[in-house]
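Student: Sequence:
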Amino acid sequence: MTGPELLWLQAVEQLLPKMNKVFSNAPTKMTSSALASLARQVRGCSRELARIGLAPSARLQPVYELVQQACGEYDKGAKCFADAARMGIPSSPAAVRKFAGKVDCGFAASGTGSEPLAQAQVKAAEIKAAAG
Numbered sequence: 001m002t003g004p005e006l007l008w009l010q011a012v013e014q015l016l017p018k019m020n021k022v023f024s025n026a027p028t029k030m031t032s033s034a035l036a037s038l039a040r041q042v043r044g045c046s047r048e049l050a051r052i053g054l055a056p057s058a059r060l061q062p063v064y065e066l067v068q069q070a071c072g073e074y075d076k077g078a079k080c081f082a083d084a085a086r087m088g089i090p091s092s093p094a095a096v097r098k099f100a101g102k103v104d105c106g107f108a109a110s111g112t113g114s115e116p117l118a119q120a121q122v123k124a125a126e127i128k129a130a131a132g
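Residue 81 in our numbering sits at position 81 of the sequence shown; the count goes up by one each step and never skips.
Be aware that one or more of the hints could be misleading.
What the hints assert, rightly or not - Quick list of in silico lysine-lysine cross-link-like pairs, PhoX-like style, CA-CA up to 25 Å:
id, residue 1, residue 2
1, 98, 79
2, 79, 21
3, 128, 98
4, 128, 18
5, 76, 128
6, 29, 76
7, 76, 18
8, 123, 76
9, 29, 123
10, 21, 76
11, 18, 98
12, 29, 128
13, 29, 18
14, 18, 79
Said to hold, decoys possible - Simulated restraints, written as ranges between beta carbons of each label pair:
id, residue 1, residue 2, range
15, 131, 21, 52 to 58 Å
16, 86, 130, 24 to 30 Å
17, 115, 61, 42 to 48 Å
18, 90, 130, 20 to 26 Å
19, 29, 128, 29 to 35 Å
20, 128, 96, 45 to 51 Å
21, 76, 125, 25 to 31 Å
None of these hints come from the bench; they were simulated from the model.
Glycine is no exception: its CB is placed at the ideal position from the N, C-alpha and C atoms.
Let the hints inform the model, and build the full structure from the sequences given.
Tutor: Structure follows, in structure tokens:
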């Protein structure tokens with residue numbers, strides 16, 4: 001494997017622990033500012049993917065596709081957190097349900113995003129092993 005490929009894979013391998021940390025360190029009090037901050041942090045997957053480069057080599061393409069899928073799921077969660085942040089403090093039962101739904105949607109990204117990231121790590125290990 002080339003040096004740039006190995007560096008790219010190393011950056012990808014660090015994404016899952018980073019994203020897991022975002023969710024494990026999430027605040028328990030869901031204020032508008034806390035939700036907005038959480039939305040920014042959850043968008044970190046896409047920012048990191050852009051930073052490490054959007055055009056990996058052909059053999060790393062399967063890993064890239066999984067990471068791209070994962071970041072898309074995290075972006076959906078970030079949008080839900082941002083939507084909840086804009087809602088402010090819900091004042092009616094319907095608003096409470098809508099707010100809770102947005103927060104739940106945001107936290108669901110922890111699972112829907114981490115699964116393809118974990119698959120990307122497995123695929124990366126397979127590619128490294130095959131390359132020797």
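Student: Does each hint fit the structure? Answer for all of them.
Tutor: Each hint, compared with the structure:
Under the criterion of a C-alpha separation no larger than 25 Å, the hint pairing residue 98 with residue 79 is consistent with the structure, at around 14 Å. Simply put, residue 79 and residue 21 have alpha-carbon atoms about 19 Å apart, close enough for the 25 Å limit, and the pair holds. A hinted pair counts as satisfied when its Cα atoms are at most 25 Å apart, and residue 128 with residue 98 does not qualify at roughly 45 Å. For the given pair, residue 128 sits about 22 Å from residue 18 by alpha-carbon distance, which is consistent with the 25 Å threshold.
Simply put, residue 76 and residue 128 have alpha-carbon atoms about 31 Å apart, too far for the 25 Å limit, and the pair is violated. Taking the CA atoms of residue 29 and residue 76, the gap is about 21 Å. The hint holds against a cut of 25 Å. With a C-alpha separation of about 17 Å, the suggested pair residue 76 and residue 18 falls inside the 25 Å cut-off, and the hint holds. The suggested pairing of residue 123 with residue 76 holds, with an alpha-carbon distance near 24 Å, which does not exceed 25 Å.
With a C-alpha separation of about 37 Å, the suggested pair residue 29 and residue 123 falls outside the 25 Å cut-off, and the hint is violated. With a C-alpha separation of about 18 Å, the suggested pairing of residue 21 with residue 76 holds against the 25 Å cut-off. Taking the CA atoms of residue 18 and residue 98, the gap is near 29 Å; set against the 25 Å cutoff, the hint is violated. Straight-line distance between C-alpha atoms of residue 29 and residue 128 comes to about 42 Å, which puts the hinted pair past the 25 Å bound.
Of the pairs offered as hints, the one joining residue 29 and residue 18 holds, with about 21 Å between alpha carbons and a cut-off of 25 Å not exceeded. Restraint check for residue 18 and residue 79: satisfied, since their Cα atoms lie roughly 19 Å apart, inside the 25 Å limit. Separation of residue 131 from residue 21 is about 29 Å and departs from the stated range, judged on CB atoms against 52 to 58 Å. Taking 24 to 30 Å as the suggested C-beta distance range, the pair residue 86 and residue 130 does not conform, at roughly 47 Å.
Checked against the hint of 42 to 48 Å, the C-beta distance between residue 115 and residue 61 comes to roughly 19 Å, which is inconsistent with it. The beta-carbon spacing between residue 90 and residue 130, approximately 52 Å, falls outside the hinted interval of 20 to 26 Å. Hint check: residue 29 to residue 128, Cβ distance near 42 Å, so the stated range 29 to 35 Å is violated. The beta-carbon spacing between residue 128 and residue 96, approximately 48 Å, falls within the hinted interval of 45 to 51 Å.
Between residue 76 and residue 125 the beta carbon distance is about 27 Å. The supplied range of 25 to 31 Å therefore holds.
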